[in-house]
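For the record, the sequence lines run as chains G and R. 18 is the number of the first residue of the first sequence in the numbering used here; add one for each residue after it. 18 is the number of the first residue of the second sequence in the numbering used here; add one for each residue after it.
What the hints contain is simulated information worked out from the structure, not anything from laboratory work. Bear in mind that the values here come from a model prediction, so they are computed numbers and not experimental data. Among the hints, a few may not be true.
In this list, chains with the same sequence are indistinguishable; a pair is considered to hold if it fits within one copy or across any two.
[To be verified] Using 20 Å as the maximum straight-line C-alpha spacing, the simulated EDC-like pairs for lysine to aspartate or glutamate come out as follows:
{"#": "1", "residue 1": "K71", "residue 2": "D159"}
{"#": "2", "residue 1": "K22", "residue 2": "D95"}
{"#": "3", "residue 1": "K70", "residue 2": "E23"}
{"#": "4", "residue 1": "K221", "residue 2": "D268"}
{"#": "5", "residue 1": "K71", "residue 2": "E30"}
{"#": "6", "residue 1": "K354", "residue 2": "D451"}
{"#": "7", "residue 1": "K201", "residue 2": "D95"}
There are 2 protein chains.
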Amino acid sequence: MKKIKELHSRAAELTNLNNILALLQWDQEVMMPPAATADRAGQLSVLSTIIHKKITAPGLRNLLQQAAEHSDHLAAKDKALVRILTREHVRNTKLPEKFVADFARLTSESLPVWVAARKQADFKIFLPYLEKIVSMSLQKSDYLGYEEHPYDALLDLYEEGLTSRQLNDIFANLQPELTRLVEKKGVTPSQDKPVFPFPPIAQKDQIAFSEMMLEVIGYEFTRGRQDVSAHPFTTSIGHNDRRVTNRYRPDSLEFIFSALHEGGHALYEQNIAAEYADTPLDEGVSLGIHESQSRLWENIIGRSRLFWSRYFPILQQAIPGSFQHVELDDFTRHINKIQPGLIRVEADEVSYNLHIIVRFELERDLLAGNLRIVELPELWNEKYKKYLGLKVDSDANGVLQDIHWAHSSLGYFPTYTIGNLAAAQIWDAYCRSDPDFKQTLQQGRLDKIRKWLTENIYSHGSLYPPAELLQQVCGEPLHSGSFIQYLKNKTEFSL
Amino acid sequence: MKKIKELHSRAAELTNLNNILALLQWDQEVMMPPAATADRAGQLSVLSTIIHKKITAPGLRNLLQQAAEHSDHLAAKDKALVRILTREHVRNTKLPEKFVADFARLTSESLPVWVAARKQADFKIFLPYLEKIVSMSLQKSDYLGYEEHPYDALLDLYEEGLTSRQLNDIFANLQPELTRLVEKKGVTPSQDKPVFPFPPIAQKDQIAFSEMMLEVIGYEFTRGRQDVSAHPFTTSIGHNDRRVTNRYRPDSLEFIFSALHEGGHALYEQNIAAEYADTPLDEGVSLGIHESQSRLWENIIGRSRLFWSRYFPILQQAIPGSFQHVELDDFTRHINKIQPGLIRVEADEVSYNLHIIVRFELERDLLAGNLRIVELPELWNEKYKKYLGLKVDSDANGVLQDIHWAHSSLGYFPTYTIGNLAAAQIWDAYCRSDPDFKQTLQQGRLDKIRKWLTENIYSHGSLYPPAELLQQVCGEPLHSGSFIQYLKNKTEFSL
Numbered sequence: 018m019k020k021i022k023e024l025h026s027r028a029a030e031l032t033n034l035n036n037i038l039a040l041l042q043w044d045q046e047v048m049m050p051p052a053a054t055a056d057r058a059g060q061l062s063v064l065s066t067i068i069h070k071k072i073t074a075p076g077l078r079n080l081l082q083q084a085a086e087h088s089d090h091l092a093a094k095d096k097a098l099v100r101i102l103t104r105e106h107v108r109n110t111k112l113p114e115k116f117v118a119d120f121a122r123l124t125s126e127s128l129p130v131w132v133a134a135r136k137q138a139d140f141k142i143f144l145p146y147l148e149k150i151v152s153m154s155l156q157k158s159d160y161l162g163y164e165e166h167p168y169d170a171l172l173d174l175y176e177e178g179l180t181s182r183q184l185n186d187i188f189a190n191l192q193p194e195l196t197r198l199v200e201k202k203g204v205t206p207s208q209d210k211p212v213f214p215f216p217p218i219a220q221k222d223q224i225a226f227s228e229m230m231l232e233v234i235g236y237e238f239t240r241g242r243q244d245v246s247a248h249p250f251t252t253s254i255g256h257n258d259r260r261v262t263n264r265y266r267p268d269s270l271e272f273i274f275s276a277l278h279e280g281g282h283a284l285y286e287q288n289i290a291a292e293y294a295d296t297p298l299d300e301g302v303s304l305g306i307h308e309s310q311s312r313l314w315e316n317i318i319g320r321s322r323l324f325w326s327r328y329f330p331i332l333q334q335a336i337p338g339s340f341q342h343v344e345l346d347d348f349t350r351h352i353n354k355i356q357p358g359l360i361r362v363e364a365d366e367v368s369y370n371l372h373i374i375v376r377f378e379l380e381r382d383l384l385a386g387n388l389r390i391v392e393l394p395e396l397w398n399e400k401y402k403k404y405l406g407l408k409v410d411s412d413a414n415g416v417l418q419d420i421h422w423a424h425s426s427l428g429y430f431p432t433y434t435i436g437n438l439a440a441a442q443i444w445d446a447y448c449r450s451d452p453d454f455k456q457t458l459q460q461g462r463l464d465k466i467r468k469w470l471t472e473n474i475y476s477h478g479s480l481y482p483p484a485e486l487l488q489q490v491c492g493e494p495l496h497s498g499s500f501i502q503y504l505k506n507k508t509e510f511s512l
Numbered sequence: 018m019k020k021i022k023e024l025h026s027r028a029a030e031l032t033n034l035n036n037i038l039a040l041l042q043w044d045q046e047v048m049m050p051p052a053a054t055a056d057r058a059g060q061l062s063v064l065s066t067i068i069h070k071k072i073t074a075p076g077l078r079n080l081l082q083q084a085a086e087h088s089d090h091l092a093a094k095d096k097a098l099v100r101i102l103t104r105e106h107v108r109n110t111k112l113p114e115k116f117v118a119d120f121a122r123l124t125s126e127s128l129p130v131w132v133a134a135r136k137q138a139d140f141k142i143f144l145p146y147l148e149k150i151v152s153m154s155l156q157k158s159d160y161l162g163y164e165e166h167p168y169d170a171l172l173d174l175y176e177e178g179l180t181s182r183q184l185n186d187i188f189a190n191l192q193p194e195l196t197r198l199v200e201k202k203g204v205t206p207s208q209d210k211p212v213f214p215f216p217p218i219a220q221k222d223q224i225a226f227s228e229m230m231l232e233v234i235g236y237e238f239t240r241g242r243q244d245v246s247a248h249p250f251t252t253s254i255g256h257n258d259r260r261v262t263n264r265y266r267p268d269s270l271e272f273i274f275s276a277l278h279e280g281g282h283a284l285y286e287q288n289i290a291a292e293y294a295d296t297p298l299d300e301g302v303s304l305g306i307h308e309s310q311s312r313l314w315e316n317i318i319g320r321s322r323l324f325w326s327r328y329f330p331i332l333q334q335a336i337p338g339s340f341q342h343v344e345l346d347d348f349t350r351h352i353n354k355i356q357p358g359l360i361r362v363e364a365d366e367v368s369y370n371l372h373i374i375v376r377f378e379l380e381r382d383l384l385a386g387n388l389r390i391v392e393l394p395e396l397w398n399e400k401y402k403k404y405l406g407l408k409v410d411s412d413a414n415g416v417l418q419d420i421h422w423a424h425s426s427l428g429y430f431p432t433y434t435i436g437n438l439a440a441a442q443i444w445d446a447y448c449r450s451d452p453d454f455k456q457t458l459q460q461g462r463l464d465k466i467r468k469w470l471t472e473n474i475y476s477h478g479s480l481y482p483p484a485e486l487l488q489q490v491c492g493e494p495l496h497s498g499s500f501i502q503y504l505k506n507k508t509e510f511s512l
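Between the sequences and the hints, there should be enough to build the whole structure, so can you do that?
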């Protein structure tokens, strides 16, 4: 008992320090004066060092080992505490400090090189750095340990317990279906009614409407706030402090879907049980499950005709002069347009996942030593031809388009698609529990959906590992069936 | 050499942690969602504990002792580092942790009682708490140590090296002069031209004009920002991150003088030498010297006719419909009105210091045991009658008006008046160096003034103790002569 109390006290300290770290990062993206970059780097470094020392402390290891030995007598909450802290402890202990520092230096050196390479559309410039990044990523996998494939050690950092073997199986099923849908193009705006482009939307109208979108899905502004940043994101600075950001371009509807996307992330965090405050359970359990919630609110709900049957008239009123002469059906077709392109971040709901599968396959084979880095652009282009039917015109729009590799983030990309797949499975489970789901959506009874999600997912925070949570909610493991069916329904039959 | 390097490394860590603490506090006042109060309290507590441990560490004490022993061989910068860290170390070590926790609890219990007492205008409600606060403050003085008067130990926390004996002498001279000036009332708005009240000023116009005021005095927005808070303040989050706040009331010109006041604080911090970044030298040396800079820019410069001869036409343009038919002289008279009242925070430049002297004398005598707390309201009212010629109608407008005592901040009040006195002395020194100072002001050559202040004061940060700095800049110690003469010039002869 005393040991568990001591463990909770250490967990509370770590959680508070991580929340402070999140504030430093939020402020840097949203508020910080431009000249303060070096000041902030110093602060982040000092605080990260303190956190690293505390998470790797031998005293913590002893407590965790003792707790693990008496695991049978622990409450579920305490078991989860031990599971999460052990993961953090082991991860931080296995990587030597010198290796972490060297890798961080390599990353900060690689970023400007990648920027230059992309600018000049010349992969050769970036090649020697990517070689080092892949080699150090392999080293990292070795330090962290894995059973079957070095990719698994990296994937596990983002999606606890998932393996490349599972992804191989899921994607083998998913890719041909997506490629077929992309070929058919599915829903496109009706050609005879070109309702877009629309007149520029004033920033204050965008802010007001995105705040309204957040309110209708149940985001609590007393426990958060929405600000402007270069890229929209959600962050958690405390149990009652989950902040979102957005960006506003006069000629884009992105602000609506960013609000719903970040709002989905924030709903997850705002509805974690209060008893988990000040513990590492007080956050979403994995990137994939987190992304399932942003995608569920942004896409499954937020691009549905049923949702807009209620909110389109409100949008028409909120943004004077933009959509008064647009029909609901045309609006809904527009926001569901399927149009494959070379750039991942601009991709539609269908082809987005093909972009991810390309990257997954290449990363997996790079780490397995099955391909030479010099061949990467060629292989990239072949896969784009095969999966998306597109010819890559330039490495800048091809293999060099993402910052992730320059950032040393291998193993990260699949979480986006895991999010899409899980979102569709979870939505299916919701619909089974609410056969009148169409009415629920049409009537704007989003609180009913949020309540179900809170009960089944949000309130648990990180109590259950992601696979266990999904099994519990959906009665089945991660698969691509629900998502494929969802896309087919959307593109073939209705909106 | 190696020890000095180690000292610098510890100083850098502490400075970074204190800057993080400042961000947590800034965010709390300016950005934080209302429901996150408890989260933030937890974060502040965790971080404060870490800072306390680091500043009281025996390893630091050893380094400081060794450095002090070789003080003759130290560079001025390193000597100052040792001086400041030793002050911090000693202060934190002398106060037992339990005492600090007990005092903090007493303070947080006292605040709501003071609020209730003030609401009901009943000193008796607050009396038992104030008794405990005075008694614990005495205990604090004993822990910290003093030579002559327990007040000195508390005063030294805010104004290094100053004593109540010095303040007795200075205030004995100052008070009768101020009382005479208050009796004469000095400048008042001309009765036949009631130019105020003016129409409400839109917040966006107030923000734009206060930003312009900050810019004209030389505040760098790339290294700071201005936001809204309940009470204006300045804070430092890093060498290139000095933030100010302001507040905007439609019927008040306060926003102009708050911008100049906080801008003065911020100019001090923005112009500290870059080599002091990441050390405790990277801040203003004392509250009094800091306040001298806010008051110099707000009052001596910012309420002068010469300053407004340049900026009043700009104000007239910036705030349409408010001042178009107002004469410069009437405006200047209005912002320099001398009108004693019961409330300190609403006081004019002359009577403000009488409010301070009342509080100083009472605190001093309370700590010396020369008066019983139950007599406090009566003594307060007597002094207001004697010094300001006012009859206190209620304890709410008298002895209960300030939060400071409920906050356990005894020894703090004089720093405001020290600021006024030092500002006048420093301004005299500036005028000796620039005989054309009137032209300098009239032409808006504020950069010339800022440069001189930077060279003589700002750049040094905390390199010199406050008394030494003042002696160096003005060739004399703190006194009331310059300030009295400044007020006389203002009220008797010109604006």
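**Study point:** Those earlier numbered hints the structure runs against, lowest number first
**Key:** Going through the list in order, the structure violates hints 1, 6 and 7 and respects the others.
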